[in-house]
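A.B. asks: Listed here are the chains, written in short residue letters.
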Amino acid sequence: MPGTFIPSNYLPIIIICIFATIIGLSPLLIGSLLRPRRSYRQKLLPYESGNEPIGEPRYKFSVKFYIVAMLFVVFDVEAVFLYPWAVAYDKLGIFGFVEMMMFIFILLIGYIYAWEKGALDWE
Amino acid sequence: MTLPQLFFAYFAVSITGLSLLVVTRKNPVHGVLWMLVLFVHIAMLYLFLNAEFLAAIQIIIYAGAILVLFLFVVMLLNLRVEETERRFQWSWPVGLVAAGGYAVSLIFILVKITVFPQPGHYTIEKMQTEGNLMIIGKVLYTKYLLPFEITSLILLVAIIGAVVLTKKKQE
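One line per chain: the protein sequences are A and B, in this order.
Sequence positions in the first sequence follow our numbering and run 1 to 123.
Sequence positions in the second sequence follow our numbering and run 124 to 294.
The shape of chain A in the complex, shown without the other chains (with noise of 0.2 Å):
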């Protein structure tokens, strides 16, 4: 019946996430009940080199790195595609291994055009 199974082999790494949330969240809960609210204009500022601050603290982002983060992403996803595969590989014989070439020279096709369009250089 589904909705009935605990994942009990987990258990430690729930301890440790609310272990990491506590020690994460206390030392900012502490601060601001000790801490003493007495701010102005100044104190809110951003320091900069003691000159007013000029302009949005944000600034657009090169294009650069938005091609960087997606082909992390499609690399990554090839990646994960390889776990199972890799498990299985004795039950999947040389069937399983001329598909995932398949699969891995359909993906070299984009790196390699990636590399060739100079996606990988950082000019």
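Hints listed in this document are in silico derivations from the structure and should not be mistaken for laboratory results.
Among the clues, some could well be false.
Dumping the calculated DSS-like pairs for lysine-lysine here, alpha-carbon to alpha-carbon at most 25 Å [unchecked claim]:
#1 Lys290(B) to Lys117(A)
#2 Lys91(A) to Lys261(B)
#3 Lys249(B) to Lys91(A)
#4 Lys249(B) to Lys261(B)
#5 Lys249(B) to Lys266(B)
#6 Lys266(B) to Lys91(A)
#7 Lys290(B) to Lys64(A)
#8 Lys117(A) to Lys64(A)
Computed spacing ranges between beta-carbons, pair by pair [as the list claims (entries may be wrong)]:
#9 Leu120(A) to Leu126(B): 47 to 55 Å
#10 Val160(B) to Ser32(A): 17 to 25 Å
#11 Gln128(B) to Ala79(A): 29 to 37 Å
#12 Gly187(B) to Leu45(A): 32 to 40 Å
#13 Asn51(A) to Ala132(B): 49 to 57 Å
#14 Gly187(B) to Asp121(A): 21 to 29 Å
#15 Phe231(B) to Pro46(A): 51 to 59 Å
All figures in this text were calculated on a predicted structure; none of them were measured in a lab.
Yeah, the Cβ is synthetic: ideal placement off N, Cα and C, and Gly gets one too.
Given chain A's structure and the hints, the job is docking chain B onto it.
C.D. replies: Quick look at chain B alone, frame taken from chain A:
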């Protein structure tokens, strides 16, 4: 209320709440960061469905890679609050239609599995004895061979699309 139901209730409520937080934040960067918490909660829900591999993938791919992509897009566009409000105000009917369609299909599935319950081939005991990855590997690379190969084409399109969009002026 049993323990699994208690866990499910927590995840159902927090996923709904986190989704609302994601779409209602004025600052898009805050929205994306709430999405990180949302993805982790969804991964936990997968864990309770005895889908360990899917839970790991949810963390690695969604929380690790796709979220970074979202963050980059938000920072690339660098929208100010007023700008976003003006530009995306009209889009709520589209969202309503999409959400309505999704809700209808969910109700259909819910009715189908409650009226005609079909016990699955892969029970919890079988998954536990044989191993999650082993079963996924055996099914994915034999029965679902074609969708798997199509995935590589979709990924190829993603690479080429990204390269074409960003590397326009090449002399």
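A.B. asks: Confirm or reject each hint.
C.D. replies: Here is how each hint holds up against the structure:
1. For the hint linking Lys290(B) to Lys117(A), the alpha-carbon distance of about 7 Å falls within 25 Å, and the restraint holds.
2. Between the alpha carbons of Lys91(A) and Lys261(B) the distance comes to roughly 7 Å, so the proposed pair stays at or under 25 Å and holds.
3. Of the pairs offered as hints, the one joining Lys249(B) and Lys91(A) holds, with about 17 Å between alpha carbons and a cut-off of 25 Å not exceeded.
4. Between Lys249(B) and Lys261(B) the alpha-carbon distance is near 14 Å, which keeps this suggested pair within the 25 Å criterion.
5. Between Lys249(B) and Lys266(B) the alpha-carbon distance is near 18 Å, which keeps this suggested pair within the 25 Å criterion.
6. Restraint check for Lys266(B) and Lys91(A): satisfied, since their Cα atoms lie roughly 14 Å apart, inside the 25 Å limit.
7. For a cut-off of 25 Å, the pair hint linking Lys290(B) to Lys64(A) stands: about 9 Å separates their Cα positions.
8. Taken as a hint, the Lys117(A) and Lys64(A) pair is honoured in the structure, with Cα atoms around 13 Å apart against an allowance of 25 Å.
9. Distance hint check: the CB atoms of Leu120(A) and Leu126(B) are about 50 Å apart, consistent with the given range 47 to 55 Å.
10. Distance hint for Val160(B) and Ser32(A): a CB-CB separation of about 20 Å, consistent with the stated range 17 to 25 Å.
11. A hinted range of 29 to 37 Å holds for the C-beta pair Gln128(B) and Ala79(A), which are about 36 Å apart.
12. The given range of 32 to 40 Å is respected by Gly187(B) and Leu45(A), whose C-beta atoms sit roughly 35 Å from each other.
13. At about 54 Å, the beta-carbon gap between Asn51(A) and Ala132(B) stays in the expected band of 49 to 57 Å.
14. The supplied range of 21 to 29 Å is met by Gly187(B) and Asp121(A), whose beta-carbon atoms lie about 25 Å from each other.
15. A hinted range of 51 to 59 Å for the beta carbons of Phe231(B) and Pro46(A) is consistent with their spacing of about 53 Å.
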